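Number of protein chains: 2
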Amino acid sequence: MDTNDLLQQVAFIKEIDKLKYIQRRTKLFYSDRHENDAEHSWHLAMMTLVLAGHSDKQIDVLKVLKMVLIHDLVEIDAGDTFIYDSSKNHTNTEEERLAANRIFGLLPEIQAQEFIAIWEEFEQGSTDEAKFAKTMDRFEPLLQNSSNNGGTWAEFNVDYDTVYNKKKVIENGSASIWSYAKLVLDESVEKGILRKKTPPETTS
Amino acid sequence: MDTNDLLQQVAFIKEIDKLKYIQRRTKLFYSDRHENDAEHSWHLAMMTLVLAGHSDKQIDVLKVLKMVLIHDLVEIDAGDTFIYDSSKNHTNTEEERLAANRIFGLLPEIQAQEFIAIWEEFEQGSTDEAKFAKTMDRFEPLLQNSSNNGGTWAEFNVDYDTVYNKKKVIENGSASIWSYAKLVLDESVEKGILRKKTPPETTS
Chain F
1 MDTNDLLQQV AFIKEIDKLK YIQRRTKLFY SDRHENDAEH SWHLAMMTLV LAGHSDKQID
61 VLKVLKMVLI HDLVEIDAGD TFIYDSSKNH TNTEEERLAA NRIFGLLPEI QAQEFIAIWE
121 EFEQGSTDEA KFAKTMDRFE PLLQNSSNNG GTWAEFNVDY DTVYNKKKVI ENGSASIWSY
181 AKLVLDESVE KGILRKKTPP ETTS
Chain Y
1 MDTNDLLQQV AFIKEIDKLK YIQRRTKLFY SDRHENDAEH SWHLAMMTLV LAGHSDKQID
61 VLKVLKMVLI HDLVEIDAGD TFIYDSSKNH TNTEEERLAA NRIFGLLPEI QAQEFIAIWE
121 EFEQGSTDEA KFAKTMDRFE PLLQNSSNNG GTWAEFNVDY DTVYNKKKVI ENGSASIWSY
181 AKLVLDESVE KGILRKKTPP ETTS
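Line by line, the protein sequences give chains F and Y. For the record, in the first sequence the residue sitting at position 87 is 87 according to my numbering, with numbers rising by one throughout. For the record, in the second sequence the residue sitting at position 197 is 197 according to my numbering, with numbers rising by one throughout.
The shape of chain F in the complex, shown without the other chains (with noise of 0.2 Å):
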């Protein structure tokens, strides 16, 4: 690496601190702060640290690290995407793709295209390391919806059928997390902070 390689890294260093200002819908647990998307990173990594050990697949959790570090980067340009959000697809939209290239590319060439691609495999979430960082990327918000009254669930009105949908994208990743998860979700509906049923529709 030379000192250019190094102004580069710099200017990355730099631009990357905009993750701090994006704030997602989900809030801390048992809280009514938001949580930003580095503070969400972060704990995806730490998440990957303690649960590695309940993949189903041998995974490279260096990789794993790689992916849940990076996976938010590109909604600095595109903003974060709500998952309950049915106007708004969120998988690889073009200004997503646009924000990978400006924000990666700020980096030496080789580093750029190393980001990229990973952030795309996650994306694409074919690989038994992007099954696991998608499963750490819908534990955490689930532990902390049912942590803050619904949080989110309460909050955007989604039963329990939508998020059980969004959520058994965990079990692509960890048969016993997603058992967990179904508890998890179980005990909401009881507690009456998650749905159960869709009301019936109002007639006018």
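I should point out that these hints are in silico values taken from the structure, not numbers from a laboratory. Just so we're clear, the structure is a prediction, and the values are computed from it rather than from any experiment. Be a bit skeptical, because a hint or two may be false.
Identical chains blur together in the list; that is why a pair holds if it fits in one copy or across any two.
Restricting the straight-line Cα-Cα distance to at most 27 Å, the calculated cross-link-like pairs of lysine-lysine (DSS-like) are [as the list claims (entries may be wrong)]:
id, residue 1, residue 2
1, K57, K167
2, K167, K63
3, K191, K14
4, K18, K182
5, K166, K182
6, K168, K57
7, K14, K182
8, K167, K197
9, K63, K196
10, K18, K134
11, K182, K167
12, K196, K57
13, K197, K63
14, K14, K27
15, K14, K168
16, K196, K168
17, K14, K196
18, K57, K14
19, K197, K166
20, K182, K134
21, K197, K18
Please arrange chain Y on chain F, whose structure you already have, making use of the hints.
Same frame as chain F, now just chain Y:
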């Protein structure tokens, strides 16, 4: 990993959310907003991924990531220690050791022992991984302060020699990053945001 392990791990995952409330003295880049320890830990992890090639020694990047992700967790109990606070010695206080035992002790025994050992290795700073992790920990606030009109250097009236001596730790992990860091310090003096000499004491 069994169900009981997972319950302990979830308790740990919830507990460490508190890191997001621990405010540092330093502020975000070009900003008036204080950084918290979770954001700081995420940023050090990103810097590790990007800058590992500048390490003077061959390092286990996964181990460095573990160090920087967990290095401040003890501050959940012990609070943030400001590097230029001369009244408190940061290194391995008894309070921090108790905190490590309590917080990592929430995990299954084998994981608790592994994390405590990694935290201690970081604190001791003897291995190549610990040296590089400390390089990251000293380099981030240097970049922040130089982007913030001197930041904590100006706010707490710290002079060049004091900053230089604290930052010299960077050299133990990377000669090239230390060369760059010295340039940034020199530029900060030239810009008038880092005071070169101790002013003569006023006598009454």
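Each hint tested on the structure:
1. K57 x K167: within (19 Å within a copy, 42 Å between copies)
2. K167 x K63: within (22 Å within a copy, 31 Å between copies)
3. K191 x K14: between (44 Å within a copy, 19 Å between copies)
4. K18 x K182: Close across copies (26 Å), not inside one copy (35 Å); limit 27 Å.
5. K166 x K182: Only inside one copy: K166 and K182 sit 12 Å apart there, 50 Å across copies, limit 27 Å.
6. K168 x K57: Classified as within: same-chain Cα gap 17 Å, cross-chain 43 Å, threshold 27 Å.
7. K14 x K182: between (40 Å within a copy, 18 Å between copies)
8. K167 x K197: within (17 Å within a copy, 59 Å between copies)
9. K63 x K196: Neither way: K63 and K196 sit 37 Å apart in one copy and 44 Å across, limit 27 Å.
10. K18 x K134: Both: 23 Å inside a copy, 23 Å across copies.
11. K182 x K167: within (9 Å within a copy, 49 Å between copies)
12. K196 x K57: For K196 and K57, the Cα distance exceeds 27 Å both inside one copy (32 Å) and across copies (56 Å).
13. K197 x K63: neither (39 Å within a copy, 47 Å between copies)
14. K14 x K27: both (26 Å within a copy, 12 Å between copies)
15. K14 x K168: between (36 Å within a copy, 21 Å between copies)
16. K196 x K168: within (16 Å within a copy, 59 Å between copies)
17. K14 x K196: The answer is between: 25 Å across copies meets 27 Å, while 45 Å in one copy does not.
18. K57 x K14: Classified as between: cross-chain Cα gap 25 Å, same-chain 36 Å, threshold 27 Å.
19. K197 x K166: within (16 Å within a copy, 60 Å between copies)
20. K182 x K134: within (16 Å within a copy, 41 Å between copies)
21. K197 x K18: neither (39 Å within a copy, 34 Å between copies)
Of the numbered hints listed earlier, those contradicted by the structure are 9, 12, 13, 21.
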